[in-house]
Amino acid sequence: MKNKAMLMSLLGALLALTSCRDLTLPPVFYTLEKEQPLEDDRAFPDIATVHRIVKVGGAGGRYFAAASKLYTRTDGPSENWTVVSPPVPGAMCNTLEVFGAFIYAGFFLSSSGDGIGLWSADPTILPIVWYQEPDPDVKGVEIVMIRTVGAGALLFVSTRSSNANALFYNNGLNFDPINWGATPPPTDIPITDVIIDTEASPSHWVIVGPYLYRNALAVLPGTFDRYSGTPSAIRTFGGLFETGGTVYVSSDNGQLFSTPDGGTSWAKTPSAILDDTDDPIPFASFTLPASDALAVYVGTRGNGYYRIPGGDVTGSSGTPVRSPAYNISALYNGAINCLLYDAGQSRLFLGTAGSGLWRGDHVSGSEWLWKQE
Amino acid sequence: MLPNKRRRTAALFAIVLLACPGLVFAQEEERPVPLSVYTLGQQTFVLNLGLFIPLFLQDFDGAVSDTNLSLGGAGSLQWGIHLDNHWLVGVEVGGIFSKSLQENILYMLPITVKGAYIFHAYPFEFPVFLGAGMDIVKYRDQSHIDFILKPGFSSLWKYNVSWGFGLNVVYWWVPQPWAEVPNEGRMGNFLEVSATAQYSF
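First to last, the protein sequences are chains H and F. Each residue of the first sequence is one higher than the one before, counting from 1 in this note's numbering. Each residue of the second sequence is one higher than the one before, counting from 1001 in this note's numbering.
Don't read these hints as lab results, they were simulated from the structure. The reader is advised that the hints may include incorrect statements.
Stated by the list, open to error - Straight-line C-alpha distance at most 30 angstroms; calculated DSSO-like pairs for lysine-lysine: (1) H:K4 with F:K1138; (2) F:K1099 with H:K34; (3) H:K371 with H:K69; (4) F:K1138 with F:K1099; (5) H:K371 with H:K34; (6) F:K1158 with H:K371; (7) F:K1138 with H:K371; (8) H:K139 with H:K69; (9) H:K34 with F:K1138.
Unchecked claim - Here are the in silico distance ranges between beta carbons for each label pair: (10) F:P1151 with H:T243: 56 to 64 angstroms; (11) H:K139 with F:V1181: 52 to 60 angstroms; (12) F:G1133 with H:D278: 29 to 37 angstroms; (13) F:V1193 with H:V363: 52 to 60 angstroms; (14) F:D1061 with H:S110: 56 to 64 angstroms; (15) H:E199 with F:F1060: 44 to 52 angstroms; (16) H:P221 with F:V1181: 51 to 59 angstroms; (17) H:T319 with F:F1119: 55 to 63 angstroms; (18) F:L1191 with H:D279: 48 to 56 angstroms; (19) F:F1060 with H:T74: 40 to 48 angstroms; (20) F:P1151 with H:D276: 32 to 40 angstroms; (21) H:V363 with F:Q1042: 54 to 62 angstroms; (22) F:G1133 with H:T82: 53 to 61 angstroms.
What the hints assert, rightly or not - Residues of chain F placed beyond 12 angstroms of chain H at every Cβ, according to the derived structure: (23) Q1043; (24) P1054; (25) L1057; (26) G1062; (27) L1077; (28) G1115; (29) Y1117; (30) F1124; (31) F1126; (32) L1130; (33) Y1139; (34) Q1142; (35) W1163; (36) A1179; (37) V1181; (38) N1183.
Glycine included, C-beta positions come from ideal geometry on N, C-alpha and C.
Chain F with its partners taken away, still in its complex shape (with noise of 0.2 angstroms):
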């Protein structure tokens, strides 16, 4: 049993805290809603850094194996320029790392290009996007460049005109065709979860 004291103001806590959306939104609701967030020419940094899932891996009959991975980690760095207040084409340098049953370690590192469209809910952004490049792919002492399609979303919070946070979803498609030997080509199915940090300026 808590002292009264104590209990009274763990409740009186609880209250201000199921208050907090109401004040934040009688907050909101005296800033004034822009009509347009971005124009032409504005360009935005952003960082993302989380979690890289190995889904699949896929032949090109059809069939689906394990991808014998581990959870890994995955971190981006992208650069864009608006073109409006809805569109943005930007470039984006990353990187993963996971471990194989043999615990050696897997390291992409996709180059891409990507267009978004940016649906906007003040205080709330919601990027759909597709990134299309290279992927560079390293494993023990096999390298190769194969191709890379992203397709994602994120949901941002602006905490202002400049800075947004939020999560960001990416799958990666990464055919990897053999022309040498074609039944050992394999595309592969993955997934990048990770917290995201927007600068616009």
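The following block holds chain H by itself, in its conformation from the complex (with noise of 0.2 angstroms):
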């Protein structure tokens, strides 16, 4: 009896491990034989959150990462990462952009965690040398968020306040509040992405944690309305993004949505995508890997990013695949916070929260060598 019922343990462990085995995922030798090693130290915290990374300039340009610190390097193929002195010291760096000739960033006390308000330098100038934008919509606050849209015509700043959240757009003279319409969001939401969509139906998009706003003017000021039309979120939207007249939103329920008219129609993953607890994967930002031809990748907050064949998040061109290989544990399981494709190098940077930042030389079709700089 005793015996019987350590077989049935056994055989009842068995069956629990061959469950484990996802026909999703290759299988293990042959993952092993295609691995890569992963160490091209650039000099790079390896444990670093990044915020936020750009590319200033083509070929021969500089990219900037802003990681608490503020790191620089050209684009050769052996550079490494070096400081770059904050305009304060001991200030940090949570968030940039470049905007012109001139890169944007947003630096907050390590001290206190105050934010220290918006500052631009010239990044062809070395060492960096730091201009406090002097609004004071943008001066002596923290800086949430900052994005260039409309090819780089319009700077947008979103802010933090006493608690209240702000945005504020800069046509290149100087910085105004946005205009809300009849329902407002609320203050203590912070602003996180925003978009101008100009081709199909020229319109601005603008996340505020669950909610969608939309500008239906492609000329600013206008009025900033609460869409009500089908993507949802159960706590925030995590990204937008727009490329040949189509937006795309992700949400932290596991779908994606795009739109190819403005918002009249929309498109989404037929269900939510679960990850391995069947929880919803909470998705975030989208970038567009050229070399990837047609495909669109939007990172997620702890599966890696996805990879959205053809860009058509209904799944008809293929499903959404998560990605790199699972050996690459570091992205496979990391929080993706920023994508930044660089065309001219044929190279993806994907920076992390906790996991450093990742580079990947695009080797063929979906396929990418990962390093970790």
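Join the two chains into one complex using the hints; note that each chain is given alone, in its own frame.
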């Protein structure tokens, strides 16, 4: 009787182990055979949290990465990252963007956590010399987000001051607050992304937590109204992206949405994409790595990035695939804060939460050779 | 230069060492050589600890590739029951770990049924065996169960009737076909070289 119980326990354990087999992943020996070393130390901290990475200039240009400290290197094959001195001793950088010929960065004091506003610099002059933006809307406050939209015509800056969030835009002269419509967003929710769709149906889109706002005018100011169409989120939308007149929206509810006509009609994933524990994947920022033709990539907060074949969120061109390979665990299970595709170098950067900065050199199709910078 | 006294001591020690085999054989000649060491129903526990040596991977068309694994560690426990002086059947549970190029750890846990034929040359034994069973493979987010074949041999020195010590050399053949994408199927070829301790009762 005792022996029978032991045998049944053993069989049960084996059955449980067998069920662990994931048919969506390649087998172990094949994965080992294809494995490449990840080590390619470019002096970027391996456990850094990267908030944002941008590139200034084309070939021979310079990358900047906001990872509390601000790092920079050229796009050369063996360049190392160096730290850019902040405008104030001890200040940390949490976001940055390229606007015109300048880089714009948000800094905060590491000692108190207080924001010290928006700063700009000419990236071609080294060492970097910072200038504080004098506009009171962006001076001495926490900078939450900086985005250039409209082919570099507008700079959007979202701020937080005394737990009140606000969104401003700069057309090259000064910063103005945007106009909210009849239902303005709650002021305690950060404003995390903005894009402009200039092609199919010119309009601006903004993410404020679980709300989408749309300004149906291509030229500001206009009015940003709460959008009540198809896209939905649990706690927050993840990111916005526009390519060829199609606007993409990612959500923390495991779904991806796209509209080709400024929100008149929407496509979405047939059902929520779930993780190993059946929780919805919290999707985040997008990019379009042109080396992998027609595919759109979207980062997640803990499940690497997903490749959307043909940019078709409905899955009719192929199911979104979790990437990269599972043996690159820091990325496969990583929270991807930001993605940057450098077309000139066929290079994709992934900035992670706590696992540093990763560089993918394009091999072919959807295959990238990943190295930790 | 060593002092003369120390050199003499060293020379004497060397002579004693050289003479040891003779002394041992002289002693052994006094011990009776057993006609039969094992009988039906006698049991044996074996503990193996040693090295896991990745050899190569091979696809099902015959192409060979590197495993991209480092030298690893191996260990196993075996229980067996003797059928007569030469034949033994048993089960073995083992495990290995090995590091990949990306410094991930591969784990394999084979559970095999084993048959062995023991050659006797008292005080030595040379079991030649074949194990077959399943291999639980775990690597990062992937895990599966594969078939495993483990041919091998041991060289054991019988310290006394109960205890034996020696060396174990085992070949691991782990086919990993993959019906979903057949060209991703591979056969793993590995070697285990381990020290072994055997207790019979």
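Here is how each hint holds up against the structure:
no., hint, result
1, H:K4 with F:K1138, "holds (28 angstroms)"
2, F:K1099 with H:K34, "holds (15 angstroms)"
3, H:K371 with H:K69, "holds (21 angstroms)"
4, F:K1138 with F:K1099, "holds (12 angstroms)"
5, H:K371 with H:K34, "holds (14 angstroms)"
6, F:K1158 with H:K371, "violated (53 angstroms)"
7, F:K1138 with H:K371, "holds (24 angstroms)"
8, H:K139 with H:K69, "holds (20 angstroms)"
9, H:K34 with F:K1138, "holds (17 angstroms)"
10, F:P1151 with H:T243: 56 to 64 angstroms, "holds (58 angstroms)"
11, H:K139 with F:V1181: 52 to 60 angstroms, "holds (57 angstroms)"
12, F:G1133 with H:D278: 29 to 37 angstroms, "holds (33 angstroms)"
13, F:V1193 with H:V363: 52 to 60 angstroms, "violated (37 angstroms)"
14, F:D1061 with H:S110: 56 to 64 angstroms, "holds (58 angstroms)"
15, H:E199 with F:F1060: 44 to 52 angstroms, "holds (50 angstroms)"
16, H:P221 with F:V1181: 51 to 59 angstroms, "holds (54 angstroms)"
17, H:T319 with F:F1119: 55 to 63 angstroms, "holds (58 angstroms)"
18, F:L1191 with H:D279: 48 to 56 angstroms, "violated (43 angstroms)"
19, F:F1060 with H:T74: 40 to 48 angstroms, "holds (46 angstroms)"
20, F:P1151 with H:D276: 32 to 40 angstroms, "holds (37 angstroms)"
21, H:V363 with F:Q1042: 54 to 62 angstroms, "holds (59 angstroms)"
22, F:G1133 with H:T82: 53 to 61 angstroms, "holds (55 angstroms)"
23, Q1043, "holds (16 angstroms)"
24, P1054, "violated (9 angstroms)"
25, L1057, "violated (5 angstroms)"
26, G1062, "holds (14 angstroms)"
27, L1077, "holds (15 angstroms)"
28, G1115, "holds (20 angstroms)"
29, Y1117, "holds (28 angstroms)"
30, F1124, "holds (35 angstroms)"
31, F1126, "holds (32 angstroms)"
32, L1130, "holds (22 angstroms)"
33, Y1139, "violated (4 angstroms)"
34, Q1142, "violated (5 angstroms)"
35, W1163, "holds (28 angstroms)"
36, A1179, "violated (9 angstroms)"
37, V1181, "violated (7 angstroms)"
38, N1183, "violated (9 angstroms)"
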